[in-house]
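Undergrad: Going by the numbering used here, the letters in the sequence shown line up with residues 1 to 366, in that order.
Treat the hints with care, as some may be off.
Said to hold, decoys possible - Label pairs and their calculated CB-CB ranges:
| hint | residue 1 | residue 2 | range |
| --- | --- | --- | --- |
| 1 | G217 | N355 | 41 to 51 angstroms |
| 2 | R90 | T318 | 50 to 60 angstroms |
| 3 | V284 | I211 | 13 to 23 angstroms |
As the list claims (entries may be wrong) - Here are the simulated SDA-like cross-link-like pairs (lysine to any residue), alpha carbons at most 25 angstroms apart as the crow flies:
| hint | residue 1 | residue 2 |
| --- | --- | --- |
| 4 | K176 | P162 |
| 5 | K166 | Y156 |
| 6 | K42 | A65 |
| 7 | K155 | F209 |
| 8 | K307 | D354 |
| 9 | K92 | N174 |
In short, the hints are calculated from the structure, not lab data. Owing to the predicted nature of the structure, the values given are computational and were not obtained by experimental measurement. Ideal Cβ placement from N, Cα and C applies to all residues, glycine included.
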Amino acid sequence: MNYYCTIALLWLNSLLFAKLDLRNGFIIANSNDTIYGLIDYKSNSANALKCHFKADSNSVDQVFAPKDIKGYRFINSKYYVSKIIDEDQREKHLFLEYLINGIIDVYYYRNDKGDHYFIQDANNQLSELKNEEKELFEDNKRYVKDSREYIGLLKYTFRESPPISKKAEYIDLNHKYLIKISEGYHKEVCADEECIIYEEKLPKRKSTFGIMAGLNGIFISQVRDLPEDLYFLKESEFGLTVFPSIGFYYKQRMPFINERLYFQYEGTYAHLKLNTNHSFIEPVYKMNYLNEVSYTQNMIHNLGYLKYEFPRGKLRPTFQFGGFANCFFNNDYHRDLEVLFSWGDTFLEAETEDNPFLKMNYGVNM
Numbered sequence: 001m002n003y004y005c006t007i008a009l010l011w012l013n014s015l016l017f018a019k020l021d022l023r024n025g026f027i028i029a030n031s032n033d034t035i036y037g038l039i040d041y042k043s044n045s046a047n048a049l050k051c052h053f054k055a056d057s058n059s060v061d062q063v064f065a066p067k068d069i070k071g072y073r074f075i076n077s078k079y080y081v082s083k084i085i086d087e088d089q090r091e092k093h094l095f096l097e098y099l100i101n102g103i104i105d106v107y108y109y110r111n112d113k114g115d116h117y118f119i120q121d122a123n124n125q126l127s128e129l130k131n132e133e134k135e136l137f138e139d140n141k142r143y144v145k146d147s148r149e150y151i152g153l154l155k156y157t158f159r160e161s162p163p164i165s166k167k168a169e170y171i172d173l174n175h176k177y178l179i180k181i182s183e184g185y186h187k188e189v190c191a192d193e194e195c196i197i198y199e200e201k202l203p204k205r206k207s208t209f210g211i212m213a214g215l216n217g218i219f220i221s222q223v224r225d226l227p228e229d230l231y232f233l234k235e236s237e238f239g240l241t242v243f244p245s246i247g248f249y250y251k252q253r254m255p256f257i258n259e260r261l262y263f264q265y266e267g268t269y270a271h272l273k274l275n276t277n278h279s280f281i282e283p284v285y286k287m288n289y290l291n292e293v294s295y296t297q298n299m300i301h302n303l304g305y306l307k308y309e310f311p312r313g314k315l316r317p318t319f320q321f322g323g324f325a326n327c328f329f330n331n332d333y334h335r336d337l338e339v340l341f342s343w344g345d346t347f348l349e350a351e352t353e354d355n356p357f358l359k360m361n362y363g364v365n366m
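From just these sequences and the hints, can you work out the full model?
TA: Below, the structure written as structure tokens:
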């Protein structure tokens with residue numbers, strides 16, 4: 001029967017006001033013309049589908065699909081080119097992120113299935129580097145193992161350099177290793193021409209830690225029928241109690257997913273007192289039940305969530321989603337009961353310290 005409502009502001013700005021993160025860049029038209037302006041910086045998956053471009057901050061937003069332009073780039077940052085790939089045996093037109101331009105080109109994009117890497121050889125053959133999960137059964141047990149198909153393709157692609165081809169057997173499928181091995185191959189087989197690395201340097205996985213203090217609100221209310229042994233709380237309300245808390249927070253940037261995404265943990269301690277006075281008349285014998293309940297509570301509040309911070313500006317809305325767990329300890333519960341006859345004389349007086357409240361609760365935070 002323990003229900004807690006935390007009074008908090010909801011960041012509705014994130015749902016009501018779509019804000020563009022405009023950064024300096026240019027688009028490359030199908031006519032090969034380069035047009036400079038401002039481009040909306042989105043997530044990897046969103047950048048693969050559309051390019052939102054404005055000639056300047058006062059211009060109308062133009063949306064380009066991969067078939068509309070050859071590519072676009074943020075100044076000193078990510079570079080996307082229009083490519084047709086094979087996905088689930090169907091052609092799909094996307095903006096792939098250009099990681100390195102050399103004898104072997106490397107591209108990347110992300111969707112709901114995960115990360116996808118592509119290489120393009122000297123003959124302009126574009127191939128996906130695959131690492132699918134395969135099911136294996138041994139001794140009637142099921143195992144899941146990475147196929148690592150990409151290793152064979154890399155070894156063949158780098159065949160003109162046996163040392164580089166050999167290294168391909170040991171690399172993982174990610175930005176760092178693909179760029180490094182492709183750059184090394186280029187230097188060996190094309191020493192007279194430099195390759196170009198377009199990969200954006202991600203922000204460091206910066207973490208912050210600090211002390212926090214605040215005011216909190218809590219109330220306990222009956223929202224369903226009570227068990228028989230808690231009849232004395234029928235229709236009682238503890239009301240709103242405001243209490244201070246103190247604790248710490250830890251915040252970790254997650255640039256490998258999105259540079260504006262963070263994980264945050266908050267742990268706080270609070271001491272609070274809840275009181276209620278309530279009476280009700282028993283309908284058969286018309287006896288008046290007078291209840292006085294006092295409850296002193298020590299609480300550890302644990303909150304963990306993912307937080308997305310929208311682009312900087314005068315207002316900087318955020319959206320967060322996670323969960324919480326409240327732990328209660330060293331609690332002091334006391335109830336005084338007095339039962340009166342209808343004419344006012346006392347029929348019964350009793351007290352108890354049996355705590356009916358939960359020692360822990362949890363839920364979703366948003």
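Undergrad: All hints, please: hold or fail.
TA: How the hints compare with the structure:
Separated by about 22 angstroms at the C-beta atoms, G217 and N355 break the suggested range of 41 to 51 angstroms. A C-beta distance of roughly 38 angstroms is found between R90 and T318, which places it outside the suggested range of 50 to 60 angstroms. Range check, V284 to I211: Cβ separation about 57 angstroms, and the 13 to 23 angstroms hint is violated. Among the hinted pairs, K176 with P162 is consistent with the structure: their alpha-carbon atoms are about 21 angstroms apart, no more than 25 angstroms.
At roughly 10 angstroms between alpha-carbon atoms, K166 and Y156 fall within 25 angstroms of each other, so this suggested pair holds. Distance check on the hinted pair: K42 and A65 sit about 14 angstroms apart at the alpha-carbon level, within 25 angstroms; holds. Restraint check for K155 and F209: the C-alpha separation of about 45 angstroms exceeds 25 angstroms, so the hint is violated. Taken as a hint, the K307 and D354 pair is broken in the structure, with Cα atoms around 40 angstroms apart against an allowance of 25 angstroms.
With a C-alpha separation of about 22 angstroms, the suggested pairing of K92 with N174 holds against the 25 angstroms cut-off.
Of the numbered hints listed earlier, those contradicted by the structure are 1, 2, 3, 7, 8.
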